[in-house]
Amino acid sequence: MNLIKYLERFIAYQSLKVRSPHSLARALCWGIYIAFSPFPLLHTVQTALCAWVCGLNFFVILAAGNMVNNPWTLVPVYSADYFFGDMLLNRILGLNSHLYNPEWMSALNTKLSLYLGIDNVCLWSFLIGGNLLGIILALSAYPFILSISQRVMNKQSISPSIESV
1 MNLIKYLERF IAYQSLKVRS PHSLARALCW GIYIAFSPFP LLHTVQTALC
51 AWVCGLNFFV ILAAGNMVNN PWTLVPVYSA DYFFGDMLLN RILGLNSHLY
101 NPEWMSALNT KLSLYLGIDN VCLWSFLIGG NLLGIILALS AYPFILSISQ
151 RVMNKQSISP SIESV
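Under the UniProt record's numbering, the first residue of the sequence shown is numbered 1, with each subsequent residue one higher.
One or more of the hints may lead you astray.
Listed next, with one range per pair, are the computed distances between beta-carbon atoms [as the list claims (entries may be wrong)]: (1) ASN2 - ASN120: 21 to 27 Å; (2) SER106 - TYR142: 35 to 41 Å; (3) PRO143 - THR73: 20 to 26 Å; (4) LYS155 - PRO76: 32 to 38 Å; (5) ILE135 - HIS22: 15 to 21 Å; (6) VAL45 - THR73: 18 to 24 Å; (7) PHE58 - GLU103: 35 to 41 Å; (8) ARG151 - PRO76: 39 to 45 Å.
Don't read these hints as lab results, they were simulated from the structure. A quick note: this is a predicted structure, and the numbers were derived from the prediction, not measured. Virtual Cβ for every residue (Gly too), placed ideally from N, Cα, C.
Starting from the given sequences, assemble the full structure and let the hints guide the process.
This is how it looks when you write it as structure tokens:
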């Protein structure tokens, strides 16, 4: 099944629980942001806080985050976070972000350099890149997800086969 059909079925199933296409689209976009968030062990906490503060469906946010960031996509997502932040800070803004690393990063850089051949990993590139990339992707996905949500919720009847999602 292609991704668009799966997304339409997921949105149709969730629309039974969520009454507004805007709140469903916001929950899915928050999940996308949380998936790219550079705080790996806090994604569930972020999901719970976001659902509570924004009044959104916890399971929709969690499912969207897990569709984007799961064990198969963990390395590419966090690599994209790091390289986006590194490109932004070092190449575009011309900052030497390695000067602003915390002291404990030098020990980590030594080990990474020794075992993996990766030199000068910058914590700030990861943190800034992850947050900005998550915000950019979530905001750019919102109109697309909103249009699918509105199309699915405007249908007169939802087929019973959606219950199998």
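Here is what the structure says about each hint:
As the Cβ distance of ASN2 to ASN120 is approximately 41 Å, the hint placing it in 21 to 27 Å is violated. Between SER106 and TYR142 the beta carbon distance is about 40 Å. The supplied range of 35 to 41 Å therefore holds. PRO143 and THR73 have their C-beta atoms about 23 Å apart, which keeps the hinted 20 to 26 Å range intact. A hinted range of 32 to 38 Å for the beta carbons of LYS155 and PRO76 is consistent with their spacing of about 34 Å.
Hint check: ILE135 to HIS22, Cβ distance near 18 Å, so the stated range 15 to 21 Å holds. Judged by the Cβ atoms, the range 18 to 24 Å given for VAL45 and THR73 holds: they are separated by roughly 20 Å. Take PHE58 and GLU103: their Cβ atoms lie about 38 Å apart, and the range 35 to 41 Å holds. Between ARG151 and PRO76 the beta carbons are some 30 Å apart, a value that contradicts the proposed interval 39 to 45 Å.
When each numbered hint is compared with the structure, violations occur for hints 1 and 8.
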